[in-house]
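Kindly produce the complete structure, drawing on both the sequences and the hints.
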Amino acid sequence: MCVATSRGNWLPPSTWEPPLLEVRAATVAFGSKRADTLKLALRDVSLVLPVEPSITAIVGESGSGKTTLTRLMLGLQAPTHGSVLYDGQDLTQLDHTAFARYRREVQAVFQDPYSVYNPFYKVDRSLLLPLQRFGLTKTRDEAYARLHQCLEAVGLRPGDTLGRYPHQLSGGQRQRIMIARALSLRPRVIVADEPVSMVDASLRATILESLYRLKTEQQVSLLYVTHDLTTAYQIADRIIVMFNGAIVEEGEPEQVIHAPQHAYTRSLVSAVPPPDPTIDWGLDVEELPA
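Just so you know, the sequence shown maps onto residues 0 to 289 in numbering that gives the first Met the number 0.
Keep in mind that the hints were calculated from the coordinates and are not lab data. These numbers come from a predicted model, not from an experiment. Backbone N, C-alpha and C define an ideal beta-carbon position, used for all residues, glycine too. Careful, some of the hints might be misleading.
What the hints assert, rightly or not - Here are the computed distance ranges between Cβ atoms for each label pair:
#1 R265 x T91: 22 to 28 Å
#2 R156 x P129: 19 to 25 Å
#3 R265 x R102: 38 to 44 Å
#4 D111 x Y211: 42 to 48 Å
#5 D43 x R139: 24 to 30 Å
#6 D159 x Q233: 44 to 50 Å
#7 L37 x T91: 18 to 24 Å
#8 T138 x T215: 46 to 52 Å
#9 R156 x R42: 43 to 49 Å
#10 E251 x T96: 33 to 39 Å
This is the structure:
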């Protein structure tokens with residue numbers, strides 16, 4: 000199909016697609032201006048997740064606005080000013096059916112792998128409930144086949160996890176089960192808020208690998224929210240640096256790490272110790288108390 004112009008010329012149809020998820024000039028304010036308690040958690044923030052599967056890292060210290068931005072993109076909070084769009088549509092304008100699709104296609108992996116589970120539910124039930132809620136499987140066998148597929152995708156053996164209670168699993172297992180739960184709903188975007196900050200260092204690489212494989216093997220985009228510039232550099236296609244509620248720098252990892260433009264980004268980079276055991280960090284072991 001072609002499109003006619005006012006002069007009678009024929010043009011091919013537009014191939015432009017709206018971004019997958021977009022934040023436009025969002026400001027979030029808490030408190031009251033009249034009571035002199037107004038605080039801006041976000042200041043005119045704009046962000047675009049492209050349609051193509053990618054990993055975008057949002058980096059910043061506590062209080063920088065990362066979590067507030069995450070809540071906007073998950074539809075858990077509305078901006079004071081500005082808008083959030085999914086597939087080019089404002090979230091506030093979606094009807095019930097469209098909003099349910101958005102809820103399924105934009106999933107979350109939260110920071111705490113301990114508090115998200117009902118301690119009285121076995122892992123099976125926690126994983127089956129979302130599938131039942133969205134009607135993605137028709138039979139019990141089909142549902143369990145989907146669970147097996149998703150658990151294996153994040154490096155877990157179904158026999159070691161299904162049928163067990165949360166307290167019987169390690170923190171790393173619980174976190175990967177959360178990723179599997181999100182993946183089971185066939186999302187287009189997963190928002191991961193500090194997903195490795197509460198697990199042992201030995202497990203972080205495994206979880207980061209599971210997140211990275213979401214893009215390469217499952218064609219899922221990832222919004223990776225962290226205070227750790229090192230892990231962002233390891234897995235992200237793009238890094239966004241936030242400070243005091245605003246985006247202060249954005250670019251490819253190599254550019255942000257090796258040629259930072261903003262003073263705050265430079266301070267983050269300088270705070271990362273190089274992995275060189277020959278460097279003297281100013282700590283004299285002999286001076287340590289016995």
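Each hint tested on the structure:
1. Between R265 and T91 the beta carbon distance is about 38 Å. The supplied range of 22 to 28 Å is therefore violated.
2. The hinted range of 19 to 25 Å is satisfied by R156 and P129, whose Cβ atoms lie roughly 21 Å apart.
3. Range check, R265 to R102: Cβ separation about 39 Å, and the 38 to 44 Å hint holds.
4. Between D111 and Y211 the beta carbons are some 22 Å apart, a value that contradicts the proposed interval 42 to 48 Å.
5. For D43 and R139, the Cβ-Cβ distance of about 49 Å falls outside the hinted range of 24 to 30 Å, so the restraint is violated.
6. In this structure, D159 and Q233 break the distance hint of 44 to 50 Å, their C-beta atoms being roughly 27 Å apart.
7. The hinted range of 18 to 24 Å is satisfied by L37 and T91, whose Cβ atoms lie roughly 23 Å apart.
8. Against the hinted window of 46 to 52 Å, the Cβ-Cβ separation of T138 and T215 comes to about 30 Å, which falls outside the hint.
9. Roughly 46 Å separates the CB atoms of R156 and R42, a value that falls within the hinted 43 to 49 Å.
10. Between E251 and T96, the C-beta spacing of about 38 Å keeps the proposed range 33 to 39 Å intact.
Hints 1, 4, 5, 6 and 8 from the earlier list are contradicted by this structure; the remaining hints agree with it.
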